[in-house]
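Just need the whole structure built from these sequences, with the hints factored in.
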Amino acid sequence: MRQFRTRLDRRLGDLLSRGLPPTARIRHAVLWPLLLLPLFLVNQLLTPHPVWMVLILFIAGIYGAGYWWVRALATSIDLTRTQQSAILVAGDLFAEEFVLANRSRLPVLWAEVVDASTLPGYTASRVVAAGAVGQTRWRTGVECRTRGVYRIGPAVVNSADLFGLFRLELDCPATDSLLIYPRVLQLPSLALPRGAASGVDRRRQSLMGVLPAASVREYQRGDSLRHIHWPSSAHRGELIVKELELEPSGDVWIVLDLDAAVHTGQGDDGTLEYAIIVAASAAAALLDGPEQRAVGLLAVSGGAAGTSDVVRIPPQPGRAQLWRIMAALAPVRPTDVTLARLLHQNADTLGRRRSLVLITPQPPADAATWSTPAWLPELLRIQAAGLAASALLVAQDDDLPAADVTRTALAQLDVPAQVLPVSAKLPPLVTYRRKRTVYRSTPTGGVVVQEIEEEVG
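Position one of the sequence shown corresponds to residue 1 (the working numbering), numbered consecutively onward.
Bear in mind the hints are in silico, worked out from the structure with no lab data behind them. Worth double-checking, as some hints may not be accurate.
[What the hints assert, rightly or not] The calculated lysine to aspartate or glutamate pairs, modelled on EDC-like cross-linking and capped at a C-alpha distance of 20 Å, are: (1) LYS425 / ASP397; (2) LYS425 / ASP268; (3) LYS242 / GLU218; (4) LYS425 / GLU169; (5) LYS425 / ASP398; (6) LYS425 / ASP92.
Predicted, not measured: the structure shown is a model, and the values here were computed from it.
Below you can see the structure in the form of structure tokens.
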């Protein structure tokens, strides 16, 4: 019975919506008065009386007027929405302006705007009205508390005729992608690996003399003849070249650990979100610092259906690189890929003569139960291959003793490390003052409008 009624409603809706745009659909809301028409008609045939004709004409008239009403509105209502902000960072205010325009000479008595945006906490749905050949304008907003990529739209506009006999559904399929960048904070001075030098310093040092050889290998096409080691070549009977021991360049790789198994806490109080903020802040500090280094990003983000996506941005200098890194950090999710596996699989990508800043959480432990991090052997192997490393350890307050032990162990292996507590209230790197309007209700039912100026970052 239910399936039959569903098919009947669908076919009746198709009949009522014939000739309308694909985004408009008319449905019946009240059907039972139409079922009285056959009864009134039979009574008129058997016992003719003016009252039966009046009832027949009245029911047919209000249904005809109601259908004509929604039919006229179906092609005359437009909903537009405009975003008020172009670039948003977590903590900023997202605002939209809606305009419901009615081109018909019939008024829109009520229109329910149902929004399907995925931005957390954002409720743009509301009920409005519009006069004949008029429009209604309103604004909505919400604080963007979580970084990520969200969908704005689509929306559906529901309305009805004067008598409530027919329902009008207008689809507004337009969508937009909203990118919310992670926050950028002022970090303490970064402890970069010893010997790291900017590109200018590296070129200056190469003119000061011959650098010592770290090892030798067979000659390959394209090697400079200046690097041939003649004693070894004479001894082996083939050309042997020297591999010079060069200091790390000014290029920096930021390697972010997103392994869900080692992160603790939820939301802004968790190590995952804080590690992402630290990664964005470190990139900003290195790119915009006095040396203006070239910075890259390496991470593995959890994808759909348990997949993993590699986030790899080669080192580049400049402010544009910062926005590329922040855009890549915005949608990242926890993964099951360990940091040791990430380093092992991307050792060739990281290359040599570069610096590496490792951002990883300190797993729950105390000083007595501390154990060597699983990623440390892989880090030492990469470091031995010619890549200088440092670490930023993100830790909850309860895990700070274990993080200090890890930092001490890394320092003994010539790996500079810093501990960053999640509870640390670091100031934003960039702040600005903004004004916003606040509506407050009075005990008598009135509304007071106040302009509030605040500093945000």
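Comparing the hints with the structure gives:
1. LYS425 / ASP397: holds, 13 Å
2. LYS425 / ASP268: holds, 12 Å
3. LYS242 / GLU218: holds, 9 Å
4. LYS425 / GLU169: violated, 49 Å
5. LYS425 / ASP398: Holds: LYS425 and ASP398 sit about 17 Å apart, inside 20 Å.
6. LYS425 / ASP92: Satisfied, since the Cα-Cα distance of roughly 18 Å is no more than 20 Å.
In this structure, only the earlier hint numbered 4 is contradicted, and the remaining ones agree with it.
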